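Novice: From first to last, the protein sequence lines are chains A and B. Numbering that gives the first Met the number 0 puts the first residue of the first sequence at 0, with every later residue one more than the last. Numbering that gives the first Met the number 0 puts the first residue of the second sequence at 0, with every later residue one more than the last.
No lab work stands behind these hints, which were simulated from the structure alone. Fair warning: this is a prediction, and the values are worked out from it, not measured in the lab. Be aware that a few hints might be false.
[Unchecked claim] Residues of chain A clear of chain B, computed beta-carbon distances all greater than 12 angstroms:
no.	residue
1	Leu10
2	Leu53
3	Ser71
4	Ile100
5	Ala115
6	Met136
[Claimed, not checked] Result set (BS3-like, lysine-lysine): computed pairs, CA atoms no more than 25 angstroms apart in a straight line:
no.	chain 1	residue 1	chain 2	residue 2
7	B	Lys59	A	Lys122
8	B	Lys307	A	Lys123
9	A	Lys44	B	Lys49
10	B	Lys283	B	Lys209
11	B	Lys44	A	Lys123
12	B	Lys245	A	Lys122
13	B	Lys44	A	Lys122
14	B	Lys49	A	Lys122
15	B	Lys170	A	Lys123
16	B	Lys307	A	Lys122
17	B	Lys283	A	Lys44
18	B	Lys170	B	Lys245
By construction, the Cβ of each residue, glycine as well, lies at the ideal position given by its N, Cα and C atoms.
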Amino acid sequence: MNSMGLALAVLGAVSASLFAGIGSAKGVGLVGEAASGVVSVDPNKFSKVLILQLLPGTQGLYGLLTAILLLSRIGVIGGNAVELTTAQGLMFLGASLPIAIVGLFSGIAQGRTAAAGVGITAKKPEHNGKGIIMSAMVETYAILALLVSILLIYNIAI
Amino acid sequence: MGGTQYAVAVGAVKAMENFLLSNSDMEQLINADTQADFDMILSAKSTENKTLSDVWDMLKSYVGDSRELEILLYRNDFHNLKAVLKAMISNRSPENYFIEPSNVTPETLEEAFRTKNADILPDYMRETAEQAYELLTKTLDGQLADSFIDTSALTAMQNSAGKYGGDFMRKYVDLITVYADIKTAYRCSKMNKQRAFLETAVCGSSELDKKSLIRAILSGTDGLLSFLEHTPYAEAVGLLKESPAKFEKYCDDAVTELAESTRMQAFGAEPLIAYYIAKEAEIKNVRIISVCRESGAGKETITERLRKLYV
Chain A
0 MNSMGLALAV LGAVSASLFA GIGSAKGVGL VGEAASGVVS VDPNKFSKVL ILQLLPGTQG
60 LYGLLTAILL LSRIGVIGGN AVELTTAQGL MFLGASLPIA IVGLFSGIAQ GRTAAAGVGI
120 TAKKPEHNGK GIIMSAMVET YAILALLVSI LLIYNIAI
Chain B
0 MGGTQYAVAV GAVKAMENFL LSNSDMEQLI NADTQADFDM ILSAKSTENK TLSDVWDMLK
60 SYVGDSRELE ILLYRNDFHN LKAVLKAMIS NRSPENYFIE PSNVTPETLE EAFRTKNADI
120 LPDYMRETAE QAYELLTKTL DGQLADSFID TSALTAMQNS AGKYGGDFMR KYVDLITVYA
180 DIKTAYRCSK MNKQRAFLET AVCGSSELDK KSLIRAILSG TDGLLSFLEH TPYAEAVGLL
240 KESPAKFEKY CDDAVTELAE STRMQAFGAE PLIAYYIAKE AEIKNVRIIS VCRESGAGKE
300 TITERLRKLY V
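Okay, chain A solo, but in the shape it has when bound:
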């Protein structure tokens, strides 16, 4: 059994959840700081700023989804790990990189945008939706990266 191939594929799953998770943690944390500031002055705005805080959290979920799909594809989930060549392992590692890298950076960028949106909610709560839309635009690229990662994971021949 070529354990190197399997190890590389598992490394891919780890990267997807790790880096996208870091992106989300940073993003959600930043929005949380800005939102706490607003809520400390006006607690009534909690529900509105909470939506903004949730937005950068999706990258972490995409990373988790990618990791589960990858681990399931190579049989690690279920206990029947398939035998992979080094080239196949590298392909799985490569397949996880779009969501790992885009998830990291888009999570942080979305956090910044959503935190700025918290400012809109603080000053003009009726325009809260605009802040949400602007933050959601960043999400597009995380979704695209997720699609590429999923397509690759399902189309690598094993």
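Once you have looked at the hints, place chain B on chain A.
Specialist: Using the frame of chain A, we list chain B on its own:
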């Protein structure tokens, strides 16, 4: 994470900006029939931040110690230094002359002079305190000591803004310095002050060079005005000729306009500094209305004197 400083404080400040008094609130205050109405309008919109000390305490509670924000209080610190020095020389109590908020407590200032130990003062005012004391005790010239301390305050602001401040703080300090220099220059030219005094009283900045300004002052008031008219501050100089009060208003408005440039910023010290400036203008306006109402000034006069608001 670079560029995302003070996210909590900025969030809080953005929410608090909703409680700033607007132009229509000012109008209502001017038109209030009785003092009770006046107080009611104020209390309807006021938050916990009624005074600048409240604003400062609030900002500190969110950001902790910030060398950049502390620059905002340097002028109060140096004003209090003047108060302590003068009180010491004249053997009077300085308490009524202190301005709050300040970085250095009046008690610390008093102790520094009482024990002749300037080491307990922050580094930006240590040397000034020692030199001002020497200057005042040697010359007994209160005006010279005042000018020296005022200039030192501006220099300390410039130095600290260069060290700890961002672009906005540097622009703010430059603006304050330029208008202080123009005011000093105009007064000194009217009083025919000599070069030695001017060297102490004029601060100078990247916007208005000290040497050129002193040369212009020494050439007389007309010479000074024609020199200033060729700078970006010609409009301010025109107002200075009309009335010092109009010039003061112009300077305050220019600072508020500078603060407005930070409206779009979601992070950093700038929105916090802008809020402090906004509250300063608001409190000044409420005071102007209050004093004018007491003295029976007309609505038009009051409106003319009001400062531009941030909201």
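Novice: Would the hint linking lysine 170 of chain B and lysine 245 of chain B be met if the CA-CA limit is 25 angstroms?
Specialist: Cα-Cα ~22 angstroms, so holds.
Novice: Need the status of pair lysine 245 of chain B, lysine 122 of chain A: alpha-carbon distance at most 25 angstroms?
Specialist: Since the Cα atoms of lysine 245 of chain B and lysine 122 of chain A sit roughly 32 angstroms apart, the hinted pair is violated (cutoff 25 angstroms).
Novice: Are lysine 307 of chain B and lysine 122 of chain A close enough, with their CA atoms no more than 25 angstroms apart?
Specialist: holds, 20 angstroms
Novice: Need the status of pair lysine 44 of chain B, lysine 122 of chain A: alpha-carbon distance at most 25 angstroms?
Specialist: Judged against 25 angstroms, a Cα distance of about 15 angstroms means the pair holds.
Novice: Given the hinted pair lysine 307 of chain B and lysine 123 of chain A, is their alpha-carbon gap at most 25 angstroms?
Specialist: holds, 21 angstroms
Novice: What's the verdict on lysine 44 of chain B and lysine 123 of chain A, does the C-alpha distance respect the 25 angstroms limit or exceed it?
Specialist: Measuring from Cα to Cα gives roughly 17 angstroms; hence the hint holds.
Novice: Take a quick look at whether lysine 44 of chain A and lysine 49 of chain B sit within 25 angstroms of each other, Cα to Cα.
Specialist: Distance ~23 angstroms between lysine 44 of chain A and lysine 49 of chain B Cα, so the pair holds.
Novice: Under the criterion that the straight-line Cα-Cα distance not exceed 25 angstroms, is the pair lysine 283 of chain B, lysine 209 of chain B satisfied?
Specialist: violated, 30 angstroms
Novice: For a C-alpha distance cap of 25 angstroms, please report whether lysine 170 of chain B and lysine 123 of chain A respect it.
Specialist: violated, 28 angstroms
Novice: So leucine 10 of chain A supposedly isn't at the interface. Is its beta-carbon more than 12 angstroms from every beta-carbon in chain B?
Specialist: Leucine 10 of chain A is indeed farther than 12 angstroms from all Cβ atoms of chain B, at 26 angstroms.
Novice: Are the Cα positions of lysine 49 of chain B and lysine 122 of chain A separated by 25 angstroms at most?
Specialist: The given pair, whose Cα atoms are some 20 angstroms apart, holds under the 25 angstroms limit.
Novice: Run the distance test for lysine 283 of chain B versus lysine 44 of chain A: straight-line Cα separation, threshold 25 angstroms.
Specialist: violated, 30 angstroms
Of the hints listed earlier, those the structure fails to meet are numbers 5, 10, 12, 15 and 17, in rising order.
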